[in-house]
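K.L.:
Respectively, the protein sequence lines represent chains X and D.
Numbering follows this note's numbering, with no gaps: position 332 of the first sequence is 332.
Numbering follows this note's numbering, with no gaps: position 216 of the second sequence is 618.
Calculated directly from the structure, the hints in this document are not laboratory data.
Each hint should be verified, as a subset may be incorrect.
Heads up, simulated BS3-like pairs for lysine-lysine below, C-alpha to C-alpha not over 25 Å straight-line [stated by the list, open to error]: (1) D:K489 - X:K398; (2) D:K636 - X:K399; (3) D:K520 - D:K542; (4) X:K212 - X:K155; (5) X:K358 - D:K709; (6) X:K212 - X:K243; (7) D:K636 - X:K4; (8) D:K593 - X:K398; (9) X:K87 - X:K118; (10) D:K683 - D:K760; (11) D:K439 - X:K358; (12) X:K358 - D:K636; (13) D:K421 - D:K455; (14) X:K37 - X:K307; (15) X:K151 - X:K243; (16) D:K710 - D:K489; (17) X:K169 - X:K155; (18) D:K421 - D:K709; (19) X:K399 - D:K710; (20) X:K87 - X:K151; (21) X:K307 - X:K358; (22) D:K560 - D:K539; (23) X:K151 - X:K140; (24) X:K140 - X:K37; (25) D:K542 - D:K439; (26) X:K137 - X:K53; (27) D:K489 - X:K4; (28) D:K455 - X:K398; (29) D:K439 - X:K53; (30) D:K615 - D:K539; (31) D:K746 - X:K358; (32) D:K593 - X:K399; (33) D:K614 - X:K399; (34) D:K614 - D:K542; (35) X:K399 - D:K800; (36) X:K118 - X:K151; (37) D:K406 - X:K4; (38) X:K169 - X:K151; (39) D:K746 - X:K19; (40) X:K4 - X:K358.
Every value quoted in this text rests on a predicted model; they were computed, and no experiment measured them.
2 protein chains.
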Amino acid sequence: MTNKLIEQIEQLAETTDSKIVLLVVDGLSGIPDMSGKTELETANIPNLDALAKDSICGVTDPISPGITPGSGPAHLSLFGYDPLDYKIGRGLLEALGIDFPLEAGDLAVRGNLATMDKNGRITDRRAGRISTEENVKVCKLLEGIEIDGIKALVKPVKDHRVVIVFRGKGLDDSLSETDPQREGLAPLPIKPLGPLAAETAGIVTRFIEEVKKRLSHSFPANMILLRGFAKSQKLPSFQERYKLNAAAIASYPMYRGLARLAGMEILPVGGSLNDEFDCLKQNLDKYDFFYLHVKWTDSAGEDGNFKKKVAVLEEVDSYIPGLLELNPDVLIVTGDHSTPAVLKGHSWHPVPIILHGKYTGSDDVARFSEKECVRGGIGRIPAMQVMPLAMANALKLKKYGA
Amino acid sequence: MTNKLIEQIEQLAETTDSKIVLLVVDGLSGIPDMSGKTELETANIPNLDALAKDSICGVTDPISPGITPGSGPAHLSLFGYDPLDYKIGRGLLEALGIDFPLEAGDLAVRGNLATMDKNGRITDRRAGRISTEENVKVCKLLEGIEIDGIKALVKPVKDHRVVIVFRGKGLDDSLSETDPQREGLAPLPIKPLGPLAAETAGIVTRFIEEVKKRLSHSFPANMILLRGFAKSQKLPSFQERYKLNAAAIASYPMYRGLARLAGMEILPVGGSLNDEFDCLKQNLDKYDFFYLHVKWTDSAGEDGNFKKKVAVLEEVDSYIPGLLELNPDVLIVTGDHSTPAVLKGHSWHPVPIILHGKYTGSDDVARFSEKECVRGGIGRIPAMQVMPLAMANALKLKKYGA
Chain X
1 MTNKLIEQIE
11 QLAETTDSKI
21 VLLVVDGLSG
31 IPDMSGKTEL
41 ETANIPNLDA
51 LAKDSICGVT
61 DPISPGITPG
71 SGPAHLSLFG
81 YDPLDYKIGR
91 GLLEALGIDF
101 PLEAGDLAVR
111 GNLATMDKNG
121 RITDRRAGRI
131 STEENVKVCK
141 LLEGIEIDGI
151 KALVKPVKDH
161 RVVIVFRGKG
171 LDDSLSETDP
181 QREGLAPLPI
191 KPLGPLAAET
201 AGIVTRFIEE
211 VKKRLSHSFP
221 ANMILLRGFA
231 KSQKLPSFQE
241 RYKLNAAAIA
251 SYPMYRGLAR
261 LAGMEILPVG
271 GSLNDEFDCL
281 KQNLDKYDFF
291 YLHVKWTDSA
301 GEDGNFKKKV
311 AVLEEVDSYI
321 PGLLELNPDV
331 LIVTGDHSTP
341 AVLKGHSWHP
351 VPIILHGKYT
361 GSDDVARFSE
371 KECVRGGIGR
381 IPAMQVMPLA
391 MANALKLKKY
401 GA
Chain D
403 MTNKLIEQIE
413 QLAETTDSKI
423 VLLVVDGLSG
433 IPDMSGKTEL
443 ETANIPNLDA
453 LAKDSICGVT
463 DPISPGITPG
473 SGPAHLSLFG
483 YDPLDYKIGR
493 GLLEALGIDF
503 PLEAGDLAVR
513 GNLATMDKNG
523 RITDRRAGRI
533 STEENVKVCK
543 LLEGIEIDGI
553 KALVKPVKDH
563 RVVIVFRGKG
573 LDDSLSETDP
583 QREGLAPLPI
593 KPLGPLAAET
603 AGIVTRFIEE
613 VKKRLSHSFP
623 ANMILLRGFA
633 KSQKLPSFQE
643 RYKLNAAAIA
653 SYPMYRGLAR
663 LAGMEILPVG
673 GSLNDEFDCL
683 KQNLDKYDFF
693 YLHVKWTDSA
703 GEDGNFKKKV
713 AVLEEVDSYI
723 PGLLELNPDV
733 LIVTGDHSTP
743 AVLKGHSWHP
753 VPIILHGKYT
763 GSDDVARFSE
773 KECVRGGIGR
783 IPAMQVMPLA
793 MANALKLKKY
803 GA
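Sequences and hints are given; from them, build the entire structure.
P.N.:
Rendered as structure tokens:
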């Protein structure tokens, strides 16, 4: 396979009444800790186990075996976009996550408000993790910066985090980052990393100079560190590609941003698991595809907190019966990637998947775990093939060829 | 993978004395009906089960997960041609199936003889399903039509079905179809669907006018409906690609046509399963590759006739001992795609495969079923990789690289 066909799948896609729910449990899977069991194997998840038994299961590779994906490519892949063709940098995701109205050609970058001493060394990369409120005030000081016709729009995200969108002609995102990643060092200079980036590097450098000047009396947030330059790229939308009227339910901005990029409607939702599942229920009639994102498994995994991750999995499990009551035609439960607590970060391990529906066929999997799912009826497939499978099982794909 | 390598496989292929039999049980696999079992799981197929046990098994994706293939792309894939590169429309297959000597650049289209009332509305899309004999007479009335230097060759297929081959320069197959798909409606006008098709659209429109005129007194077959325009494309032959001297045994025209396109010799054969297997036996010495096609599993599946499909599977099973007595070096039993009776049509589900030979290695599969095969030693592979596996196991592929 054959991304070629996924790129043409709109020729086969048709709109029907059936509904698809894609439940993405971020960083779902893992590897065994000292107990010899993974988080999924440790968790008491009777509802997911029963669902696995009553479905067809398998594992997916977010990119390909051995490749550890960031959240961006992992989600793109799950949404059926080849992450090697569509590159969406972190800055862009961050901008989308705060509902920033991006335009084609915009250059977005993540910023940390930081503290710098009088020798120009960073003493706190997060400016004492200032409150979002203070952050808003700092961003006000940075309004209206423009360098050589390029506008720099600085927007607060959360705590010490901001996003900067550069807008104008000829911007390029092949730029080095300024965050030295350690306290006690000076910010790194912006360097062009590609043949077309020299001009942009100069503009961003002058932007940083202007920020320093404007924030010189704004302790502790008197500097900005930049990473994740990314230029805006247009994805074919879910409507265009799958003829789906899709909605996203995600508490975390970055995932909302990603879903918006794929043309999904972003449903307003509170910050709890309960809010998310309730939002699905309330909006069930209005869309034919739902992407529901659960963040907390990944956060626990990143923290190396095996127990917490197990607890979140158990909490997710408790919402499965309610989800099934909504009777979606196709329900997929999977992750975007693995986040083993043992590794305290994303990993390359394949991700279990449950595909539930009337026409899936069956297998012998009776437990939702890494080990069991690998022997399931889906086998091991690239995550990019999940959407075609979802569409097929919802009877939303016409036959290819005569 | 890596169609790239299949496209270059002639560099590795070598002719040897070993023999390969590819038994394609059309629409082989399915999904469980109310009984909880698939057709394969329901059928009493001791010989196929024993063969599966004594072989290595797996499942294939005709195109890729989630994609339901037509018979054309499904067969191309099984023959090792990328169905996304080689597109063979239905009209072309139909022409090949009646032994029509196609030339490069020919434009073929399927036709139904139909009945039209005096207001120009179709009252019977199949002209009362007239006999093949009557069809032959009608086609005689349509001999010698030529429009602007383009010849239109109208040939009977079966019952009310005909094929028209347009021959001449500059033909294009991006044309809309005329069959309104329902009685009581007028035939649809031919429309060009691509930038190069305007001229061809005009020619086909004038051809239809001429047919109407010539058939005005030929009740009930007084009109023709066209669908499946397809322009002739050359495939690299089995001889070129695999250095195989290949023969096809297929009762149904379309599959013979497909095999001819791949450069196989078409063996004359009667219309029963017995005829087909007997033909294989009679011709065993003359070829080193046999494609044997069993149609009736697919027909039963398309009809939603679970029981009938089970019966055909059992009938196929009864020929396995005789087939093994012929002692082919490599025997493959698989389908071109799934046709679950539950879905009354082709589907996207992966297709079980048995690969039998001296050098296959082994696995734990003991039953020829969807569920068991997915855990077999072959795993889940694209159908395009079946031919390389067949060739390798017949020791007909040299080492790649030094």
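K.L.:
Now tell me if each hint is right for this structure.
P.N.:
Hint-by-hint comparison with the structure:
Our distance criterion of 25 Å between C-alpha atoms is met by K489 (chain D) and K398 (chain X), whose separation comes to about 16 Å. Taking the CA atoms of K636 (chain D) and K399 (chain X), the gap is about 23 Å. The hint holds against a cut of 25 Å. Pair hint K520 (chain D) plus K542 (chain D) holds up; C-alpha atoms about 23 Å apart against a cutoff of 25 Å. Between K212 (chain X) and K155 (chain X) the CA atoms are separated by roughly 16 Å; this keeps the pair inside 25 Å, and the hint holds.
Between K358 (chain X) and K709 (chain D) the CA atoms are separated by roughly 20 Å; this keeps the pair inside 25 Å, and the hint holds. At most 25 Å may separate the alpha-carbon atoms for a hinted pair to count; K212 (chain X) and K243 (chain X) exceed this at roughly 48 Å. Straight-line distance between C-alpha atoms of K636 (chain D) and K4 (chain X) comes to about 21 Å, which keeps the hinted pair within the 25 Å bound. For the hint linking K593 (chain D) to K398 (chain X), the alpha-carbon distance of about 22 Å falls within 25 Å, and the restraint holds.
For the given pair, K87 (chain X) sits about 38 Å from K118 (chain X) by alpha-carbon distance, which is inconsistent with the 25 Å threshold. For the proposed pair K683 (chain D) and K760 (chain D), the alpha carbon gap of about 21 Å is at most 25 Å, so the pair holds. Annotation: proposed proximity of K439 (chain D) to K358 (chain X) holds, straight-line Cα distance about 14 Å (limit 25 Å). Between K358 (chain X) and K636 (chain D), the direct Cα distance comes to roughly 41 Å. Violation of the 25 Å bound is thereby established for this hinted pair.
Using a Cα cut-off of 25 Å, the hinted pair K421 (chain D) and K455 (chain D) holds, with the two alpha carbons roughly 21 Å apart. A hinted pair counts as satisfied when its Cα atoms are at most 25 Å apart, and K37 (chain X) with K307 (chain X) qualifies at roughly 12 Å. Distance check on the hinted pair: K151 (chain X) and K243 (chain X) sit about 36 Å apart at the alpha-carbon level, beyond 25 Å; violated. With a C-alpha separation of about 32 Å, the suggested pairing of K710 (chain D) with K489 (chain D) is violated against the 25 Å cut-off.
For the proposed pair K169 (chain X) and K155 (chain X), the alpha carbon gap of about 20 Å is at most 25 Å, so the pair holds. The suggested pairing of K421 (chain D) with K709 (chain D) is violated, with an alpha-carbon distance near 34 Å, which exceeds 25 Å. Between K399 (chain X) and K710 (chain D) the alpha-carbon distance is near 24 Å, which keeps this suggested pair within the 25 Å criterion. Note on K87 (chain X) and K151 (chain X): the hinted pairing holds, with a Cα-Cα distance of about 24 Å set against a maximum of 25 Å.
With a CA separation close to 35 Å, the supplied pair K307 (chain X) and K358 (chain X) exceeds the 25 Å bound. A hinted pair counts as satisfied when its Cα atoms are at most 25 Å apart, and K560 (chain D) with K539 (chain D) qualifies at roughly 12 Å. At most 25 Å may separate the alpha-carbon atoms for a hinted pair to count; K151 (chain X) and K140 (chain X) meet this at roughly 15 Å. Proposed proximity of K140 (chain X) and K37 (chain X) is contradicted: the alpha carbons are some 50 Å apart, above 25 Å.
Pair hint K542 (chain D) plus K439 (chain D) does not hold up; C-alpha atoms about 50 Å apart against a cutoff of 25 Å. The hinted pair formed by K137 (chain X) and K53 (chain X) fails the criterion: a straight-line CA distance of about 53 Å is larger than 25 Å. About 14 Å separates the Cα atoms of K489 (chain D) and K4 (chain X), which keeps this hinted pair within 25 Å; it holds. Between the alpha carbons of K455 (chain D) and K398 (chain X) the distance comes to roughly 36 Å, so the proposed pair goes past 25 Å and is violated.
At roughly 15 Å between alpha-carbon atoms, K439 (chain D) and K53 (chain X) fall within 25 Å of each other, so this suggested pair holds. Between K615 (chain D) and K539 (chain D) the CA atoms are separated by roughly 16 Å; this keeps the pair inside 25 Å, and the hint holds. Among the hinted pairs, K746 (chain D) with K358 (chain X) is consistent with the structure: their alpha-carbon atoms are about 14 Å apart, no more than 25 Å. With a CA separation close to 23 Å, the supplied pair K593 (chain D) and K399 (chain X) stays within the 25 Å bound.
Distance hint between K614 (chain D) and K399 (chain X) is unfulfilled; the C-alpha atoms sit about 32 Å from each other, more than 25 Å. Straight-line distance between C-alpha atoms of K614 (chain D) and K542 (chain D) comes to about 14 Å, which keeps the hinted pair within the 25 Å bound. Simply put, K399 (chain X) and K800 (chain D) have alpha-carbon atoms about 37 Å apart, too far for the 25 Å limit, and the pair is violated. This hinted pair does not check out: K118 (chain X) and K151 (chain X) have alpha carbons roughly 28 Å apart, beyond 25 Å.
Between K406 (chain D) and K4 (chain X) the CA atoms are separated by roughly 14 Å; this keeps the pair inside 25 Å, and the hint holds. With a C-alpha separation of about 10 Å, the suggested pairing of K169 (chain X) with K151 (chain X) holds against the 25 Å cut-off. Between the alpha carbons of K746 (chain D) and K19 (chain X) the distance comes to roughly 22 Å, so the proposed pair stays at or under 25 Å and holds. Taking the CA atoms of K4 (chain X) and K358 (chain X), the gap is near 28 Å; set against the 25 Å cutoff, the hint is violated.
Going through the hint list in order, the structure does not satisfy hints 6, 9, 12, 15, 16, 18, 21, 24, 25, 26, 28, 33, 35, 36, 40.
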